[in-house]
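Student: Here's the letter readout for the chains.
Protein chains: 2
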Amino acid sequence: MKRIAIDMDDVLAKTTHVIIDRINQLVEKKYSYEELMSGNTSVKEEFYGHYLANNSFLWEPGFFENIPVNEDAVEVVKKLTEHYEVFIVSAATEFPNSLKEKIGWMEQYFPFITWKHIVFCGHKHMIQADYLIDDHEKNLHTFTGTPLLFTAPHNLHIHDFQRVNNWKEVEKLLLD
Amino acid sequence: MKRIAIDMDDVLAKTTHVIIDRINQLVEKKYSYEELMSGNTSVKEEFYGHYLANNSFLWEPGFFENIPVNEDAVEVVKKLTEHYEVFIVSAATEFPNSLKEKIGWMEQYFPFITWKHIVFCGHKHMIQADYLIDDHEKNLHTFTGTPLLFTAPHNLHIHDFQRVNNWKEVEKLLLD
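Chains A and B, in that order, are what the protein sequence lines are. So my numbering is basically just the index in the first sequence, starting at one, shifted up by 11. So my numbering is basically just the index in the second sequence, starting at one, shifted up by 11.
In short, the hints are calculated from the structure, not lab data. Among these hints, one or two may not hold up.
Since copy identity is lost for identical chains, a pair holds within one copy or between any two.
[Said to hold, decoys possible] Below, a list of computed lysine to aspartate or glutamate pairs in the EDC-like style, where the Cα atoms sit at most 16 Å apart:
(1) Lys183 <-> Glu148
(2) Lys25 <-> Glu45
(3) Lys127 <-> Glu105
(4) Lys183 <-> Glu57
(5) Lys127 <-> Glu39
(6) Lys111 <-> Glu71
(7) Lys127 <-> Glu96
(8) Lys179 <-> Asp83
(9) Lys111 <-> Glu182
(10) Lys111 <-> Glu86
If we strip away everything but chain A, and leave its shape as in the complex, we get (with noise of 0.2 Å):
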């Protein structure tokens, strides 16, 4: 049974949408996700620019907690499950209070996969699986199998992977 290692921020879990509130809370102003995906350069720069300067909410207790599930990803990784053995592989460690949460988080909203399924991590790099699911380039680049970027707004000047845009893709991709 061929191994999926998949990410959880901004590939199953809706995690820029909340930054992007807690940055417009934060900052008083009225950043959309489409924004960010529409390829604006300048408007993606000064966003980014406030996310690093004001993005201590990461650390807090509870900011893991209440995230919106992506758009299918139940239906699509409850599939995969049947196919492949999934793996769920967060870099999570730099947020000790997240660890738990991400844990109930997991439970909510895809209690078939168990914590025997759930990696935290801090690299990534020594995850041995055949596909890894992820938005992040320093993951991707370092993965010994088929990596596969999952479209976010920090990664669309990326062109060094196959990309997937959503968990229909996915889906279309691993599972036809």
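Dock chain B against chain A, hints included.
Tutor: Just chain B now, with coordinates in the frame of chain A:
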């Protein structure tokens, strides 16, 4: 640089010592680590019977916070980091309350190993490394590198792996 994955409980941390204390309190007995290491099978069976019936404390907040560090572990792991890429890999996702506590424990005793090199998982068979130092047969059996069995009372009967009895022996094997 070769990569070593190192387990936490009963390898870096004297977890069984603390478990014995808890069981002694719960069942009003006086088991000792030395007794469990002596090879007296009936005492051991009795102890692990009590343990299996009374181990809910493993899931309680605080349990993993105050476990003593193993003899020579800090010094030898420090030296290992100078010659190997060292990852700490703990099968801890079963115990959501332990995760933040284990990050704090690592910061306390092994501040030279950051969150970047800490991995929490259920199964360990997706970990890619040259060596795995672990006290559990189940983790070593599926490991694709060289497995090293770290002696603990529950693994004295295992003869399938190269054994290291303490951190001085690890030093001799991997650094001499």
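Student: Compare the structure with each hint and give your call.
Tutor: Results for each hint:
1. Taking the closest pair of Cα atoms, lysine 183 and glutamate 148 never come within 16 Å of each other, the shortest separation being 22 Å inside a single copy and 39 Å across copies.
2. Taking identical chains as interchangeable, the C-alpha atoms of lysine 25 and glutamate 45 lie at most 16 Å apart only when both belong to the same chain, with a minimum of 13 Å there against 52 Å between chains.
3. With identical chains, the CA atoms of lysine 127 and glutamate 105 are at most 16 Å apart between copies only, with a shortest distance of 7 Å across copies and 21 Å within one.
4. In this assembly of identical chains, lysine 183 and glutamate 57 lie within 16 Å of each other by CA distance neither inside one copy nor across copies; the values are 35 Å within and 54 Å between.
5. Taking the closest pair of Cα atoms, lysine 127 and glutamate 39 never come within 16 Å of each other, the shortest separation being 42 Å inside a single copy and 33 Å across copies.
6. With identical chains, the CA atoms of lysine 111 and glutamate 71 are at most 16 Å apart both within one copy (13 Å) and between copies (13 Å).
7. For a Cα distance limit of 16 Å, the shortest separation of lysine 127 from glutamate 96 inside one copy, 11 Å, qualifies, whereas the shortest one across copies, 25 Å, does not.
8. With identical chains, the CA atoms of lysine 179 and aspartate 83 are at most 16 Å apart within one copy only, with a shortest distance of 7 Å there and 52 Å across copies.
9. For the homomeric pair lysine 111 and glutamate 182, neither the shortest alpha-carbon distance inside one copy (29 Å) nor that between copies (34 Å) is at most 16 Å.
10. Taking the shortest alpha-carbon separations for lysine 111 and glutamate 86, neither the intra-copy value of 24 Å nor the inter-copy value of 30 Å comes in at or below 16 Å.
Figure legend: structure checked against the earlier numbered hints; hints not met, in rising order: 1, 4, 5, 9, 10.
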